[in-house]
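Protein chains in written order, with the working numbering: chain A, 1 to 212; chain B, 213 to 427.
Rather than coming from a laboratory, the hints here were simulated on the basis of the structure. Don't take each hint at face value.
Unchecked claim - Pairs of lysine-lysine, DSS-like flavour, derived with a Cα cap of 30 angstroms:
(1) K200(A) / K244(B)
(2) K78(A) / K342(B)
(3) K45(A) / K129(A)
(4) K342(B) / K264(B)
(5) K244(B) / K264(B)
(6) K131(A) / K45(A)
(7) K131(A) / K200(A)
(8) K45(A) / K200(A)
(9) K77(A) / K294(B)
Stated by the list, open to error - The calculated label-pair distances, taken between Cβ atoms and stated as ranges, are:
(10) L315(B) / D48(A): 37 to 43 angstroms
(11) N382(B) / V126(A): 49 to 55 angstroms
(12) V42(A) / G308(B): 39 to 45 angstroms
(13) I337(B) / A194(A): 44 to 50 angstroms
(14) L390(B) / K131(A): 24 to 30 angstroms
(15) H340(B) / M119(A): 39 to 45 angstroms
(16) W345(B) / I177(A): 49 to 55 angstroms
(17) I337(B) / K131(A): 47 to 53 angstroms
(18) L303(B) / D84(A): 24 to 30 angstroms
(19) L115(A) / R253(B): 24 to 30 angstroms
Here a beta-carbon is modelled for each residue, glycine too, at the ideal position from N, C-alpha and C.
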Amino acid sequence: MHEKKASIALENLRICHNCDLAQSIPTLAGRVVVRCRRCHSVIEKHQDNALERSFILAVTGLIFFIISNLYPLISIKKAGLTVDATLLSSSIELYRIDRPLLALLVLLTTIIVPLFSLMGIIYIFVIIKLKHYSNFTAPFFRFLRRNEIWGMLEVFLLALFVAGVKLADSADVILGISLYSFLALVLVLAWLSATIEPNKIWEATHPVKAEN
Amino acid sequence: MKQNITGKSLGLVSCLHCEQISQLPNDYHGEKVCCPRCQARLHSRIPNSLDKTTAFILTAALMYVPANIFPIMNIVYLGEAKSDTIIGGVLHLLEGGMWPMALIVFVASILVPVLKLIVMSILIISVHLKAHWRPAGRTHLFLITEFMGRWSMVDIFVLAILIALVQFGNLASVDAGLGAFSYAVVVIFTILAARSFDPRLIWDVIEEPQVGDHD
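Using the sequences provided together with the hints, build the complete structure.
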């Protein structure tokens with residue numbers, strides 16, 4: 001991956017979100033990241049077939065997400081008893097001990113938002129391929145992009161390891177089968193967020209030219 | 213030759229959500245204008261960005277105190293009740309000789325929230341003071357802070373996993389403490405603070421001497 005510096009011209013105008021500098025970007029091919037001339041933050045990235053790649057990664061992620069929810073992620077054994085934890089049980093148990101707000105927070109960040117993001121990307125791809133746009137398509141994708149940050153599965157993965165280490169002294173910790181699929185899911189999600197090019201989707205869903 | 217033409221000086225605004233560049237009406241004075249592509253409200257700068265960020269940061273800073281004083285979890289083990297604060301959790305890992313894990317948890321649950329509160333405060337103050345000091349550096353500091361914030365959620369998740377796992381009745385059980393809720397509020401509010409901060413404010417004062425037009 002190489003980097004290009006943007007320059008000033010009127011075609012392909014971009015305005016940096018982080019410093020408001022107006023600049024034009026070159027026509028992109030291959031795998032490129034364009035950075036702002038002034039504050040050096042990323043203003044555009046390009047990869048061939050980004051849309052198709054994102055779709056495939058989202059489907060892969062969805063499959064791993066389903067598998068991750070089917071079996072225990074981690075189990076402990078103590079005095080002949082075994083207790084399993086799944087992705088969903090972390091929220092359910094919080095609810096059961098009367099911590100509804102914390103339960104809701106965990107449910108949102110580990111289940112609802114990640115699932116919504118994956119299904120949303122698949123939905124958008126299908127819409128674009130079928131050219132089935134409506135006035136709802138672009139606001140839907142905006143909502144999806146805006147709330148993606150509340151999906152925190154990679155942080156949950158770290159928490160699984162921390163919890164395992166904490167319990168290793170006092171009980172037998174057994175790694176569940178779903179843990180491997182969960183690990184794969186986190187990697188796929190990271191790959192997906194590096195691949196997805198919102199601009200491609202925006203241009204496809206609702207092509208509007210600048211008015212000047 | 214300097215060619216620092218901003219979107220604002222051209223009367224153009226780039227939608228923060230879909231990147232669509234639109235022209236604001238000539239007589240624009242803060243009324244509602246929507247993005248032609250994604251229908252989001254368009255703003256040259258996020259409205260009341262500094263006030264909102266300050267409010268979120270102050271709330272987070274206030275809640276940081278109970279988050280650290282009160283236990284994040286109550287543990288019953290072999291009939292004996294124990295409480296663990298956030299710092300206590302790190303120390304227990306360290307005592308158990310798990311220093312790499314202790315370091316990770318220390319960074320995520322203590323260093324990141326504190327740095328986030330400090331960095332956001334510095335950014336707010338520097339914008340208030342119209343500082344010209346290293347704008348690109350401050351922008352990067354902001355982007356890094358925004359990215360790091362989510363990792364502080366690790367403590368809430370560890371708590372949720374422990375509660376789900378340690379269910380052996382009187383032998384051993386874990387319950388959420390008072391600190392857990394406050395800590396969750398700190399994490400959420402620092403994320404909201406980063407979201408309402410507009411880094412373009414850092415650059416506006418850099419423009420002023422050259423452009424010198426109305427606000």
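Indices of hints not satisfied (ascending): The structure conflicts with hints 2, 13 and 14, although it agrees with all the remaining ones.
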